[in-house]
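> Here are the chains, one letter per residue:
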Amino acid sequence: MAIKRHEVGPRLSQAVVHGNTVYLAGVVADGADTKEQTTKVLAKIDSLLTACGTNKSKLLSTTIYVTDMRNFADMNAVWDAWVDPKNTPARATVEAGLANTKYLVEIMCTAAVD
Amino acid sequence: MAIKRHEVGPRLSQAVVHGNTVYLAGVVADGADTKEQTTKVLAKIDSLLTACGTNKSKLLSTTIYVTDMRNFADMNAVWDAWVDPKNTPARATVEAGLANTKYLVEIMCTAAVD
Amino acid sequence: MAIKRHEVGPRLSQAVVHGNTVYLAGVVADGADTKEQTTKVLAKIDSLLTACGTNKSKLLSTTIYVTDMRNFADMNAVWDAWVDPKNTPARATVEAGLANTKYLVEIMCTAAVD
Chain B
6 MAIKRHEVGP RLSQAVVHGN TVYLAGVVAD GADTKEQTTK VLAKIDSLLT ACGTNKSKLL
66 STTIYVTDMR NFADMNAVWD AWVDPKNTPA RATVEAGLAN TKYLVEIMCT AAVD
Chain S
6 MAIKRHEVGP RLSQAVVHGN TVYLAGVVAD GADTKEQTTK VLAKIDSLLT ACGTNKSKLL
66 STTIYVTDMR NFADMNAVWD AWVDPKNTPA RATVEAGLAN TKYLVEIMCT AAVD
Chain L
6 MAIKRHEVGP RLSQAVVHGN TVYLAGVVAD GADTKEQTTK VLAKIDSLLT ACGTNKSKLL
66 STTIYVTDMR NFADMNAVWD AWVDPKNTPA RATVEAGLAN TKYLVEIMCT AAVD
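Chains as they are written, first to last, in the numbering used here: chain B, 6 to 119; chain S, 6 to 119; chain L, 6 to 119.
Any given hint might turn out to be false.
Copies of the same chain look alike in the list, so a pair counts if it works inside one copy or between any two.
[As the list claims (entries may be wrong)] The calculated DSBU-like cross-link candidates involving lysine-lysine, where the alpha carbons are at most 30 Å apart (straight line), are:
id : residue 1 : residue 2
1  : 40        : 61
2  : 61        : 91
3  : 91        : 107
4  : 91        : 40
5  : 107       : 49
6  : 40        : 107
7  : 45        : 91
8  : 91        : 9
9  : 91        : 49
Because the hints were derived from the structure by calculation, they are not lab data.
Put together the whole structure using the sequences plus the hints.
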């Protein structure tokens, strides 16, 4: 099974396709609040999935990290409007610190690339 | 490779089968303490695995989130009694906040469905 | 698809190979500081990957937990020197508590075993 990496940096790649599965990096984005950051994170995930020849209806699993669970509803409002409601992934959301204090949300996905 | 989703909600699915692999959502459960919650979480995982045509002896990987590492031993006591000791998954356990303060433990698994 | 487990304990296995994918446990190591622990963790990951017939150039996805994001740069210094720069995995790093307060970093990887 071939491995194809996208947006390869010396520390990490933004997406790694192995066989029929793609692993995305944890995605963060600038923004004034959780809703703006989540909107930009999900747009970046759309872009990565497209580059890998797939889309959000093929999401398999997602882990969402928020720095403050008080922002859970704001993150979910954007998520719920974005995700394909008939093809939702397995998901966990936990509260954890992120690499830079300006970030409020980080989302890491796995998707099918069939 | 087909994707089959179980207990599909508009936000997340409880289980997503892709080829020979199933991804479960992070599972939480009500309960008075970590032991009771972990017992119920693992029963729910058993039920999801059964629905996907597999069982705990096929677990591949597990991430466990506890809200307070002082409950690590209680979680492990229930886990150790439940898991198939000859077929244990790769596992990580970390301390992180969960979506609702009533929850003390959340468990997210991947399993084979061969 | 066969499942092959390595370093199987009654609670968890250090590595689980399923088809062409290997799931490693979260790896921790003793050490006086983040750099020493990360060095030892990555050496252990090398060893596990070798036992599974693969190596770090086949990494697919990695989640790194640090107990204090102030140690992010130290972890990255060791990571950057270790990882294959043309074959980097998808990666997320978050701040979370670990099972024992002596540990500063825990790394969980998935790799191809083609």
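> When the structure is checked against the list of hints, which entries are broken? Sort them ascending.
Checked against the structure, no hint fails, so every one of them is satisfied.
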